[in-house]
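There are 2 protein chains.
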Amino acid sequence: MSIGPAPEDVAPLARYRRAADYLAAAMIFLRDNVLLEEPLRPDHLKPRLLGHWGTCPGITLVYAGLDRLIGRTGADVLLVTGPGHGAPANHANLWLEGAHERFDPALTRDRAGLTELVRRFSWPGGFPSHLSPEVPGVIHEGGELGYALATAYGAALDAPDRIVACLVGDGEAETGPTAAAWHSTKYLDPATSGAVLPIVHGNGWKIASPTQTGVMSDDELTALYRGYGHHPIIVYAEIDYTEGAVADERLGVAMDEAYDRITGIQRQARSGRRPERPAWPVIVLRTRKGWGLPAELGGSPLEGTFHAHQVPMEDVAEDPEQLAALEAWLRSYRPEELFDDGRPVPAVLAVCPPEERRMGTNPAAVGGDLRRPLDLPEIADFAQEVGTPGTVTAGATAVLASWLAEVFRRTETTRDFRIVCPDELESNKLTAVLEATDRAFSWPVPGSAEHLDPAGRVMEVLSEHDCQGWLQGYLLTGRHGLFPCYEAFVSIVDGMVNQYAKFLKLSREVPWRTPVSALNYLLTSEGWRQEHNGYSHQGPGFINTMLTKKAETTAVYLPPDANTLLAVMRTCLASTDRINLVVAGKNPAVQWLSLSDAVAHCAAGASVWAWASHPAAVQERADVVLACAGGVPTVETLAATEMLRRDAPELRMRVVNVVDLVSLRTPQTHPHGLSEDDFRALFGDDLPVVFDFHGYPSAVHQLLHGRPDPGRFHVRGYVEEGTTTTPYDLLASNGVTRHDLAIAVLQRARGWASAGGDLADRYARQRDDILTHVRRTGQDPAEITDWTWGLR
Amino acid sequence: MSIGPAPEDVAPLARYRRAADYLAAAMIFLRDNVLLEEPLRPDHLKPRLLGHWGTCPGITLVYAGLDRLIGRTGADVLLVTGPGHGAPANHANLWLEGAHERFDPALTRDRAGLTELVRRFSWPGGFPSHLSPEVPGVIHEGGELGYALATAYGAALDAPDRIVACLVGDGEAETGPTAAAWHSTKYLDPATSGAVLPIVHGNGWKIASPTQTGVMSDDELTALYRGYGHHPIIVYAEIDYTEGAVADERLGVAMDEAYDRITGIQRQARSGRRPERPAWPVIVLRTRKGWGLPAELGGSPLEGTFHAHQVPMEDVAEDPEQLAALEAWLRSYRPEELFDDGRPVPAVLAVCPPEERRMGTNPAAVGGDLRRPLDLPEIADFAQEVGTPGTVTAGATAVLASWLAEVFRRTETTRDFRIVCPDELESNKLTAVLEATDRAFSWPVPGSAEHLDPAGRVMEVLSEHDCQGWLQGYLLTGRHGLFPCYEAFVSIVDGMVNQYAKFLKLSREVPWRTPVSALNYLLTSEGWRQEHNGYSHQGPGFINTMLTKKAETTAVYLPPDANTLLAVMRTCLASTDRINLVVAGKNPAVQWLSLSDAVAHCAAGASVWAWASHPAAVQERADVVLACAGGVPTVETLAATEMLRRDAPELRMRVVNVVDLVSLRTPQTHPHGLSEDDFRALFGDDLPVVFDFHGYPSAVHQLLHGRPDPGRFHVRGYVEEGTTTTPYDLLASNGVTRHDLAIAVLQRARGWASAGGDLADRYARQRDDILTHVRRTGQDPAEITDWTWGLR
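Protein chains in written order, with my numbering: chain A, 1 to 792; chain B, 1 to 792.
The reader is advised that the hints may include incorrect statements.
[Claimed, not checked] Covered stretches of chain A (chain B as the covering partner; in silico rule of three or more C-beta atoms under 8 Å from a C-beta of chain B):
id, segment
1, 21-33
2, 124-135
3, 369-380
4, 419-426
5, 435-449
Calculated from the structure, these hints are not laboratory results.
In this text, a Cβ means the ideal position worked out from N, Cα and C, and glycines have one as well.
If we strip away everything but chain A, and leave its shape as in the complex, we get (with noise of 0.2 Å):
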């Protein structure tokens, strides 16, 4: 096949986006006489004009290349289109193919439809300035900036006819996530993948200053890109719009390159012969910010400088000056020759790809549309024995991890299923899936790597925002996954993670939008157990972030051992529309549940443990509430009672285990919350309550808004001390320890406040013999690091 459009297919070209580039322009400035049929009056324009030009253009050269691309080759391709801001592009193209017509009857290609579309944009209760689940061919965004390309590429992965074009923003391009994200093609297998074609658009300008990709040379991005591991096309397209053809001529050479290069690595590649270094390409378009606008406006330049970013004519109400201007400029696209009625003439129309290849109505971006339920293994076969709670040990990512190696077998041939992780697996105790499959990995390897191979599905990077940009792009096209990360740092991606519980938010309330697997987060090498590393690595503010978010797209477990793991990460996977945080641990430590016992405390969220309840205090009257959250919390609760019950057996103590964090909230703001009844039976109406919290205290404080009397609660938990040192002595430093919470119930318990004073100095000089030791020692003694519920 010969490179480039051929002549006769470049003017068509150039139609079409005089269409698209009107259709942008009218969004932003017009909401009557939508087609310039009479005069342009103040009256004609919107009150409040709302959008950004800058980009538009821009993407619509694309766009129309693409469909240029698309109808040549029949290649099946998804849009990400970074700039989420130049949505009236986005819009104007997906009117012109009937995307819009196909999920929203009022979006005809007809003048009411386009009247309604022009309209809608940046209205109240229309379509907002931005791009959104609204929009349909959307997957991201692209409002903060930089997780395009990561998406994309979590799109391709394990789709290999799929070639997902991905427009990065020269702003968009400054932002570390998407430097990172170049180097995906790393992990990128073009045997079972499909293929990312990144277009990177430089318009030279962000809101006001130059950008990086705009100042630098041709050789600089040229050797850029190659470092990155990709193949550079560079195309001028900084010509008058007058002479737009010409960019789509050259943007056409560039695409067909691209697209052979692409469907040759992927042929030698599925021939068996992966090629060693694969240079994926990428087209670097140097384009004219604002381009079609007038040269300048009131003296000042205009097109091609950062004064086009947003709406460029700003004063046109007021300023008939900028009224003519606007005119002018909207009558420089001849609608007249473009729309017939309203209705976009058959010229235009030509460009579009046939209906089943047409980008806003890829299948692809309807991720719940595709998605298949996993078959999930029977969590029993890999349950943990618990006979007598606190009696055996085990390491709750380790068995774990033996479940997902299952699950991962039997996604073997749907390859729908991934875990990403910032090189952790291994250290987070998750070796065991490596048992069935491998770590993706396409460069060449040392001899001494171990279990990497190009189609393994498990995808370590050390970088969270490649992590978390992949997986969101391969849930929200349909596929599932997980994201094991250290608790401490997985709060780099807490911006991702904002919008991205915006965008589920907002895909709940589209019709059309049909529910993708929950985003699921396993936090493990937990605070409480990074003695060794130390400080940097003690954070558990990611619930807290995650508690900001809308009550139905989130949900927070913490089970305190494997068998609660388990059965939480089964409902995680099953789940749908959702971030589900889980915070489990990775250590060797006591169990509690059996696996029947820990389905029924998962499905309550929050239970009275009768067994290590004073027998009088499970259901009536108690002297105190022992609550703890969390795996660490929970051995120290249970330590500390096992403590109370011998040294104070008369002590009417009732232990509650939270391992659903959202169930303390009313049911009114979550729908996980217990019901007041439900609730008063854990924790009574006035009753005193020890709360063991594996996070921030604040975490637990803000939940129980609207529960009674709140301020009986005291809450322990990590207060932002710590160093590398012992488990013990770290709890100490956060009043943590069984001692400590054994002292806080004395001092609390109904009845008990004087009566327990001599023991909780015993408890008090019993702790501080303990950091004596640990001082001198080097570690915990044995009575602390071998300790299991034995009294009973």
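Assemble chain B onto chain A, guided by the hints.
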């Protein structure tokens, strides 16, 4: 000067490294027999082996190389060590050069000091296993990876004689923040700032996988760094440890070349001919991971593989074979040649630079010693005239900008104040600072660019990570700064600020760390006025993140108008060892307080606004408290107050404004916490409170723990509802319009539940009428947009 070390200089370097490597290894393993004067026995070992060996020998190779360079040139070199878990290497070098001794008399360079050093590492109460503020010469922790490079550039800014050597681990090199930071040279002025010498420590492996740097070919690496704008120098040091001097020789050649290149660029720039695209050097060092270890252990490969990452021999206490291997390995350094009764022999010490040039005692690492307080302009000269509250309008950030411009003018010679900002200075209405300085930019720019100059002190880049890292390095080396940011996107640096807060918390506990200037955020373009950009731009979660930090290191301010913003910012720019979060509006808004009232309000933290309250409710019994925090909530609350004054004149309302958010906390939990009496004077003991909060209601809920009956606080705020719409509609979707607030007040005020019913219904109808108007016209009605506190 000739390039590279003379042959006679190389052997001493290798010998010096043997001493440092021995010490680092000893730190990980030994607690007795630290000089191996007797055969190694299990009881000489630490009971818990904690530490990372893999990167240590490479760190020392670089440390020694820099020492030689310093000796040759007299350069002022500060070291930023990215792989903070290589702390044993840093400790060894710091001890050898005497930096440890200078800060801690127990760490003398003799038997006692050496024993103490070895024992203290990774020991409870001793040195953590990672770099931390307790370690001399350190301005970067390196637990959460990715921030060394940006920090280094920040330290080099405005310090023309300083070279910041920056060791970038090849794990860290995979992170987005590191990738973005390579472009920092485009913002660095060779005339007025110093230089960074990045050294990529490519040992090829992360915890369990090859690194990107490790698998990239020399061609790829060369292209990548050239693309970033650097001049890469690859050093092959993958040689046998016994041939180590060859590595010293090669690294020496590279360092000399790099140094000459750095000084050449600087000379040229300082002679008035700034080079157009200065290609600063970067050294890429290829070493063997865990260099110097045995090639294998128990049949498994060790040196040069990921198995060398952490403690390379884990079972030494139990496995006699491993113990023998450890002893043989340690003895391979021949400690008896290197230490004389624990004192480093003169031939070893000869490598260390003269005392005033040692990296561990570089004054820049103790920024508080260098810091000069800013000569802050009088805020009175910039304040808004505010007579009757609520009758004039102004944009708070624009007012602040004039004051900040004056700060820039007053620091023109000291050059110790900078603003970092992700391309939002203009958007955030801070443009007036560009009257006093320019945007820093060192690459050639198009003619239509405005306000760009290499020596400018505003740094705009579309990378929050760059901004944060630059500012951290700048502050920790004794300077001042401000980080204005879109509120919703500052969460991008959540992880970085977590770590910086930890660094500050620990620094405050280190006696020789004198206070550094506060890190000041100015969050503007707040969500309530991102009605145009939409849902992705609405997110006040950074407040919640800040509230998880140690109370002493954080403050959160929500100034409701321009004068309070001035008063708050004056406090912030004068404060030390803290992170100040300031949230303020950029849009023209109603002004409330005269400057003197604003100053008093800020000093109090929260006050009753008597002029807005029912006279009987100011001190005496009120029916209800209307509390507010934040600019938009203050406007809506006062508007609600006005409606209620008019329509329910008997309603005894007390209006409270909170400017210092953490004043809500108890004085036991935050130094800014209001006393019990002061809190009661505002909110009573049991008064109903309707609190309109700028951010998530959960932030206020958690702060109220420990206050009387927190359940009576009905907190409204952002509940994650939003899109592109009008400001009123955005408020309505979150239930916080003036009408919603007035209704909530009527429902809760004592004795008004039924009396206020009709009025509440009327307000609900008004609200619905306005929303109908909004949907129809696309804008808020004038009664909302033009509202001032007019009825008085």
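Check each numbered hint against the structure and report the violated ones by number, ascending. Violated hints: 1 and 3; rest satisfied.
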